[in-house]
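2 protein chains.
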Amino acid sequence: MKQLQVLLVAGTHGNEINGIWLFDEWKKSSFLINTYGIKTFKVIGNPEAKKAGKRYIHHDLNRSFKEESCLSINSSNFEERRASEIVYLYGEAGENPCQIALDFHTTTASMGSCLVVYGRRDADLALASLIQNQLGLPIYLHESDQEQTGFLVESWPCGLVIEIGPIGQGLLNSKIILQTKLILETLMEQIHQVKNLKLFFPNKLIIHRHIKSIDFPRDEEGNIDGYVHPLRQSKDWQELKKNDELFCKLNGEIIRFEEDEPYIPVFINEAAYAEKNIAMSFTKRELWDFQKEWKKSLIDLIHQK
Amino acid sequence: MKQLQVLLVAGTHGNEINGIWLFDEWKKSSFLINTYGIKTFKVIGNPEAKKAGKRYIHHDLNRSFKEESCLSINSSNFEERRASEIVYLYGEAGENPCQIALDFHTTTASMGSCLVVYGRRDADLALASLIQNQLGLPIYLHESDQEQTGFLVESWPCGLVIEIGPIGQGLLNSKIILQTKLILETLMEQIHQVKNLKLFFPNKLIIHRHIKSIDFPRDEEGNIDGYVHPLRQSKDWQELKKNDELFCKLNGEIIRFEEDEPYIPVFINEAAYAEKNIAMSFTKRELWDFQKEWKKSLIDLIHQK
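So the protein sequences, as listed, match chains Z and E. Just so you know, the working numbering puts 140 at position 140 of the first sequence, and the rest follows in order with no gaps. Just so you know, the working numbering puts 194 at position 194 of the second sequence, and the rest follows in order with no gaps.
FYI, nobody ran anything at the bench for these hints, they're computed from the structure. There could be a bad hint or two in this list.
Claimed, not checked - Some chain E residues near chain Z, calculated using beta-carbon distances under 7 Å:
#, residue
1, Glu25
2, Ser30
3, Thr108
4, Gly170
5, Leu250
6, Ile254
7, Ile255
8, Ala271
Said to hold, decoys possible - Derived lysine-lysine pairs resembling DSS-like cross-links, with alpha carbons at most 27 Å apart:
#, chain 1, residue 1, chain 2, residue 2
9, Z, Lys51, E, Lys27
10, E, Lys276, Z, Lys249
11, E, Lys54, Z, Lys249
12, Z, Lys249, E, Lys242
13, E, Lys51, Z, Lys249
14, Z, Lys175, E, Lys242
15, E, Lys50, Z, Lys54
Ideal Cβ placement from N, Cα and C applies to all residues, glycine included.
Take the sequences, apply the hints, and build the full model.
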C-alpha cells in the first residue's frame with residue numbers, strides 16, 4: 001500500500017491572501033496545524049499573482065486545469081504552465097503523488113464558510129458529507145456550467161474547494177484565518193478517521209445544486225449599469241421569492257427575481273466574477289440520501305486499493 | 001471675474017471603482033447629480049490602473065503630485081506623467097483652470113464617510129467645516145508625515161479627499177455609491193452657497209489630527225506575522241486605552257496599545273497600506289475654534305478675488 005498524501009493549496013488566486021499567510025506562518029512553525037500524522041504538501045497556487053497583488057497573471061489558474069492533453073509545461077501562458085507544473089509535481093501520477101487536493105479560497109461574497117464540489121464524484125461527496133456532519137458547512141455543487149471548467153481539484157481523484165467570506169481582496173482578517181485553520185484541521189482529522197476506519201457518515205446530505213448564473217444589468221455598450229440591490233447584498237444562501245429585488249439602477253429602476261422556483265443565491269457580488277459576467281449564481285437546495293458507493297470510493301482511495 | 005470651476009476626480013486609485021462607476025453613469029445622464037449650476041470637470045484619475053484592476057501601474061498616483069518642478073509630462077513613470085497631465089489640463093493655471101479639487105476615494109477600513117485635509121490650508125478647513133456642519137462627517141487632518149506626500153488635492157488652492165468605506169477593492173456597492181453621490185451633491189451645494197454668500201459656518205470644528213502610523217508586526221525577514229486583533233478590526237474612530245489589543249499572532253501573542261494618550265485609530269487594515277507599512281494610523285481628537293481667515297480664504301477663492 002502506497003502512503004496517503006494530501007495536497008493543500010492556498011493562493012490559487014493571488015489576491016486571496018489569508019490562506020497564503022496561514023501557510024507561510026505554518027512553514028515557520030510546523031506545530032501550528034494538526035495534520036493527524038498524514039503526509040501533506042503545502043503549495044502556494046499562484047505565487048507570481050500573489051507578488052503582483054492580482055488574481056492571476058494571464059488567465060484564472062482555477063480555470064486552467066484542462067484535460068491532460070491540453071496541459072503544457074512550455075505554454076507562454078503563465079497559468080497554463082503553472083497548472084501543468086502542479087500536476088507534474090503533485091498529481092496522482094506525479095513526483096509526489098497525492099490522492100486528495102484541498103484548495104483554500106476566499107470570496108468577497110457573504111458566503112460564510114462553505115465547500116464547493118465539482119460534479120458528482122463519489123469520493124468528493126463522501127468527504128464533503130463528513131465535513132458537513134462535523135461543521136454544518138453548506139455544500140455548493142457546481143455542475144452543468146460549460147462556461148466554467150478547468151478547476152484545480154478536478155485533476156485529482158478527490159478534491160474540494162473551501163470558500164470563506166466575506167473578505168476583500170488583499171485583506172488579512174482574523175476571522176478568515178481562523179476559519180481556514182479550523183476547516184483544514186477538520187478535513188485532516190476526518191481523512192485520518194477514514195484511514196483508521198473510524199468513520200461516521202451521516203444519512204443525509206444537504207446540497208445546493210448549481211442551476212445557473214446571472215449577469216449584472218448592462219447598457220448597450222456592455223457596461224454594468226446597475227448594482228446589487230441593498231436588500232440582496234450579503235444575503236447569500238437566503239431563498240428568493242418571485243419579485244424579490246435583485247439589482248437597482250440610479251434612475252430608480254429595480255430588476256427583480258422573476259423565476260417561479262425559489263432559488264437560493266450564492267456568490268452574490270463576488271468581485272472577481274464581474275469579468276466572468278456573473279453577478280450571482282442560483283442554486284436549488286436538495287436533501288440527498290447518503291450513498292454507500294460514496295463511502296466505498298473514499299475508503300478505497302485513502303487505502304489505495 | 002473668472003468663472004468658478006471645480007475639478008471632480010474619481011478613480012485616482014484604479015481599484016476604487018464606486019466613484020468611477022458613478023461618474024460613468026453621470027456621463028450618460030447629466031441630470032443624475034446636481035452641481036447647482038457650477039461648472040465642473042469630471043476626471044477618472046487613473047484609467048490605466050482601472051483597466052488593469054489595480055491601484056496603480058508604477059506608483060501611487062495620489063503620491064505623485066510633487067512640486068511643479070518635479071512634474072514631468074515625459075516621465076517614463078505612468079503616474080508621474082498622469083499627474084502632470086491632470087495639472088496641465090485642470091490645474092489653477094491649466095487649460096481648464098479649476099480652483100477646487102474634490103477627490104473621491106474608498107477604503108477597506110470601516111471609516112464610514114469622512115473628509116481628509118492635508119495640512120492646515122484655510123480654504124480647505126472652511127469647506128470641510130461646511131460639510132461637517134451639514135453631514136457630521138469626521139475630518140482627518142493629515143500632516144507631519146514626511147513619508148506620505150504628493151497628494152493630488154495639494155496641487156489645487158483648495159481640495160478635499162472624500163473617503164468612504166468599508167468596501168473591498170474592485171467591488172461595487174449600493175451604500176458606497178449613494179454615499180458618494182450624497183457627499184458630492186452636498187459639496188456642490190455648499191460651494192454654491194459660498195458663491196451666493198448665503199453661507200453659514202459653525203463655531204467649532206472637530207478635527208482628528210494625524211499623530212503617527214504604525215506597522216503590522218513583522219518577523220526577522222520583514223514579513224507580516226500578526227494580524228489586526230478581532231477587537232480592533234472595524235473599530236475605526238473608537239478611542240484606544242492603554243493595554244487595548246492591537247494585533248495578535250497565531251501563537252497567541254497579543255500586541256497591545258502602549259501609549260499613555262488616548263489616541264483614535266483610523267484606516268485600520270486598509271488593504272492598500274500594508275505595502276506602505278501602515279496597519280493603522282493614530283489621531284488626536286481636537287475641538288478647534290472656527291477661524292474667520294478660513295472663511296475669507298474660501299470666499300476670496302470662490303469669488304476669484
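Please list, smallest to largest, the hint numbers that this structure does not respect. 2, 6, 7, 9, 10 and 12
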